[in-house]
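K.L.:
Chains as they are written, first to last, in my numbering: chain A, 1 to 163; chain B, 1 to 182.
To be clear, the hints were calculated from the coordinates, so they are not data collected in a lab.
Heads up, simulated SDA-like pairs for lysine to any residue below, C-alpha to C-alpha not over 25 angstroms straight-line:
#: 1; chain 1: A; residue 1: 100; chain 2: B; residue 2: 59
#: 2; chain 1: A; residue 1: 104; chain 2: A; residue 2: 35
#: 3; chain 1: A; residue 1: 104; chain 2: B; residue 2: 33
#: 4; chain 1: B; residue 1: 160; chain 2: B; residue 2: 172
Residue-level listing of the chains:
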Amino acid sequence: MTNLQKQFIVLLIVFCPLLANAQIKYGADAPEIALPAVNGDTLKLSSLKGKVVLLDFWASWCAPCRVANKGLGKLYSKYKSKGFEIFGVSFDKDKSDWKKAIAKDKITWLQVNDDGGWEAPTAINWRIDAIPTSYLIDQNGKLIAMDLAGKELEKKLKEILED
Amino acid sequence: MNKLFVIGIFTLFVQQAKAQFSKADLQATGLTCAMCSNAINKALQKVGFVESVESDIKNSSFAIVFKKDASVNIDALKEAVEDAGFSVGGLRLTGLFNEVKIAPDQHIKIGNSQFHFISVKDQVLNGEKTVTVVDKNFISEKQFKKYSSATKMDCIRTGKAGTCCTKEGLAEGERVFHVTII
Numbered sequence: 001m002t003n004l005q006k007q008f009i010v011l012l013i014v015f016c017p018l019l020a021n022a023q024i025k026y027g028a029d030a031p032e033i034a035l036p037a038v039n040g041d042t043l044k045l046s047s048l049k050g051k052v053v054l055l056d057f058w059a060s061w062c063a064p065c066r067v068a069n070k071g072l073g074k075l076y077s078k079y080k081s082k083g084f085e086i087f088g089v090s091f092d093k094d095k096s097d098w099k100k101a102i103a104k105d106k107i108t109w110l111q112v113n114d115d116g117g118w119e120a121p122t123a124i125n126w127r128i129d130a131i132p133t134s135y136l137i138d139q140n141g142k143l144i145a146m147d148l149a150g151k152e153l154e155k156k157l158k159e160i161l162e163d
Numbered sequence: 001m002n003k004l005f006v007i008g009i010f011t012l013f014v015q016q017a018k019a020q021f022s023k024a025d026l027q028a029t030g031l032t033c034a035m036c037s038n039a040i041n042k043a044l045q046k047v048g049f050v051e052s053v054e055s056d057i058k059n060s061s062f063a064i065v066f067k068k069d070a071s072v073n074i075d076a077l078k079e080a081v082e083d084a085g086f087s088v089g090g091l092r093l094t095g096l097f098n099e100v101k102i103a104p105d106q107h108i109k110i111g112n113s114q115f116h117f118i119s120v121k122d123q124v125l126n127g128e129k130t131v132t133v134v135d136k137n138f139i140s141e142k143q144f145k146k147y148s149s150a151t152k153m154d155c156i157r158t159g160k161a162g163t164c165c166t167k168e169g170l171a172e173g174e175r176v177f178h179v180t181i182i
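Kindly produce the complete structure, drawing on both the sequences and the hints.
P.N.:
Laid out in structure tokens, this is it:
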């Protein structure tokens, strides 16, 4: 092997893990999230296996997220009994802002808080650069779609849960 | 000898103020929610003279702290915001002033930049003061119209010193930032 080839292989070995990590891929296992719920108990994303989960990243100060909450409420009450769950992750730095928003938007689905804003470990791990961002996770804990909302989300839920 | 004399005269005309900006408060605007994207934050953090950026959620603005004694280029802040896909809706600069006399249409050098005060009363600035940038693309179009009508000098529209200012020691075409005190 020439020196150049050796260098190339070294580079490949060094950069491959980075490349593999660069994007969250469809069909991949959803990375675990374990964060405190409103009552302080730790809630794990992995505990929802068997259900179709909408993982929703948001914050109380994000106006478009608050608008989206209204639509989510309707979908939630319609599909909850069929095996649909919503796992909301807020990046609010102040937990009281988060709790106020939950009350105001009448959120009844699961909620956890990672109170570090854009620097929250969950935001970094999931590469969240803008909110709202959401992922749809299937019954086996695999990521199947990103940023589905409104009619598109309902269509997908119908497809998975009513067939 | 003659050259020295000329330089001496120019030094008298260009007023180098005893002032230094240490922080800024920037509002971004755009078609989508500016606070809901981390792009502006990241872009501002990459600007050389920026020490730190904090999103101020309650005021929908970014609190920027400059590196100590760094030379501040306000246009670089605007470019960072624009590169992130947004525009500047407001920029307020805060710094310490020491016996700085200001008057309408007065040019004052702060750090490496020329500042032109608009719609202000004659006064002497002391201690921590905040100025608002009123240049085009640093405020809304409506606000810009209001401030640009407050001076007859052409630099408010071009952002650059005209021939009129060379007697004050400003090079023709030198960037001039227009500010006011609210």
